[in-house]
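> Position chain B against the provided structure of chain A, taking the given hints into account.
Line by line, the protein sequences are chains A and B.
In case it helps, my numbering puts the first sequence at residues -19 to 297.
In case it helps, my numbering puts the second sequence at residues -19 to 297.
Note that these hints are calculated values from the structure, not bench results.
These figures come from a predicted structure and were not determined experimentally.
Honestly, I wouldn't trust all of these hints.
Pairs count within a copy or across copies, as identical chains cannot be separated in the list.
Mimicking DSSO-like on lysine-lysine, the simulated pairs with C-alpha atoms at most 30 Å apart in a straight line are [claimed, not checked]:
hint	residue 1	residue 2
1	Lys204	Lys239
2	Lys239	Lys24
3	Lys213	Lys67
4	Lys196	Lys44
5	Lys196	Lys24
6	Lys38	Lys196
2 protein chains.
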Amino acid sequence: MTLDEIFKEIQKSESIVILTHESPDGDAVGSSLAMKLALESLGKKPDVIIPEYAEIFKFLPGTKDIKESSDVKNYDLAISLDCATLKRLMGSEYFENAKRTIVIDHHGSNNMFGDFNYVNPVSPACCEILAGIFDYYNINITKEIGSCLLTGIITDTGGFKYPATTAETFEFTAELLRKGVNVSDIYRRVLQTVSRAHFELAKKVMDRMEILENGKVTFSYIDKNDEQEVGAKPGDHEGLVELGRDIDGVEVSIFIRQKEDGSDDYKVSLRSTEYVNVSDVCLMFGGGGHPRAAGALVSGTIEEVKKKLLKEIKKVL
Amino acid sequence: MTLDEIFKEIQKSESIVILTHESPDGDAVGSSLAMKLALESLGKKPDVIIPEYAEIFKFLPGTKDIKESSDVKNYDLAISLDCATLKRLMGSEYFENAKRTIVIDHHGSNNMFGDFNYVNPVSPACCEILAGIFDYYNINITKEIGSCLLTGIITDTGGFKYPATTAETFEFTAELLRKGVNVSDIYRRVLQTVSRAHFELAKKVMDRMEILENGKVTFSYIDKNDEQEVGAKPGDHEGLVELGRDIDGVEVSIFIRQKEDGSDDYKVSLRSTEYVNVSDVCLMFGGGGHPRAAGALVSGTIEEVKKKLLKEIKKVL
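Next comes chain A alone, as it looks inside the complex (with noise of 0.2 Å):
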């Protein structure tokens, strides 16, 4: 599907909800919202269905308009962002009962749920790719959309130090600067503030993370009971798989979290430092994502999933 086919798509469209992935990240958050000013710029009046998000994303503009679901049954065009499947999909059912549908999103393991897909894996984030389009549609990209791009490009370069990083990222960051998107800001509140509760839990993982491997694999945990005692929210998790990964001579961090209802159910996340494809190993347990982060869902006790874990990782260390 072209550009110019999406636009036609956009613009005969009366009724436009716009969905992303659960436990939406900045990237989530900061596409849905861009999209909705974009759209609104054209006329049109769209809804946002995030049902959760965390706190950290309320500076954003718009977010005092996102739904947690919505009354319309059919929409006449839904737009999934920045999510990979429709099972991970939140308000899934808006996309599925829509009259049309558009994927818009850079992650490989896509699998193409849309009538449309416009995907790009190259790009470092759905935002990036947002930017491309909003460009070739000639939709001013003004101080609000470009915070909301910003925030995406941030929270899924890592502060621009991811290898998929490009030379336009940093270009197109030079320009938002320019047109006085406070770019300092915008990384402080997304990627560098923690919460109490997040500075507490990253105590716990650091007090018990296994060094294992010859110093190539870190391991470390966190169950329901401590986010209880935190008082953590959504996100307060985020990052924690990071201090594992950032010790130098590892290549894989291991990072697993209690499911919510308190199950023997782990929610793996996985990062690698320089070769080791951690999407690979969570295709293993039927996750997925990036090369270099990507995450799963794993059954067991603490010790048994990471004895799976690490036993499908050594074959690749």
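Frame of chain A, contents of chain B only:
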């Protein structure tokens, strides 16, 4: 002094020495090596004297030529980079005995101690000043020079996150990326990766963290014993002060570190988030730095040093 005059000084000098500040960070080492490579491209053979610097910078081109001292007593020209005062300059005797001296720096507290001083306090890094100077002199910024310059820029902008980061910083980084400079690799080496010793020190700093003044100030410390216990090397304490600053709501982070000789002298690092000018606070104790990052040396026990600092900080909180 104009850039043309500086260029004439360089052109007519036979022997040149490049010096930088004690406890050299990425901007100190990066600017020294970038200057060395640039002068070599003009046919000069400068000495770089840095008696001690962190392991993480050893990947930079030219480190094997760095000298701890020199037999040359009276250099034709001494260039001080990234250093605010003669007192902080390593190898200051070479500077004092040189026939002519040039100071290039970006610290607002620079006291213009050279014969010629080129100081731009608005620039986020000394390396960014050098980029402009090299461009003016038509010196080709090779991949090697670019890697050195980027090291300083990444260090002193905190990885593109501090408010002083300019649109030019992002554009220059885009340019370097296009020249083949491995931005993400350099970022990982100089800012993201931490040693095992740093990780162990961070655990101690976090366990001891006091959150004071209604959450606006944090205090933590390490002493000589801590560093011995974890086998800390020079540079392993870098960044520990940020653990407090990054907690939501914190305006000033205080981190103190006992002097190497185990005496009751503490090296104080202060960081602020939005409004407290910590450079002013450190000036009260004979130190200095930037508005959001500064340091000083304060005598007393841990509790005494903490009290002295808190007293001054409370006045501006």
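> Taking 30 Å as the upper bound on the Cα-Cα distance, should Lys196 and Lys44 be classified as within, between, both, or neither?
between (44 Å within a copy, 28 Å between copies)
> Given identical chains, is Lys204 near Lys239, meaning Cα to Cα at most 30 Å, within a copy, between copies, both, or neither?
Classified as within: same-chain Cα gap 7 Å, cross-chain 42 Å, threshold 30 Å.
> If the cutoff is 30 Å on CA atoms, where do Lys196 and Lys24 land: within, between, both or neither? Let me know, please.
Neither: 51 Å inside a chain and 43 Å across chains, both beyond 30 Å.
> Using 30 Å as the alpha carbon limit, work out where Lys239 and Lys24 are close: within a copy, between copies, both or neither.
neither (38 Å within a copy, 63 Å between copies)
> Between Lys213 and Lys67, at a C-alpha cutoff of 30 Å, which is it: within one copy, between copies, both, or neither?
within (23 Å within a copy, 49 Å between copies)
> Regarding Lys38 and Lys196, is the shortest C-alpha distance of 30 Å or less found within a copy, between copies, in both, or in neither?
between (38 Å within a copy, 21 Å between copies)
In this structure, the hints that do not hold are numbers 2 and 5, in rising order.
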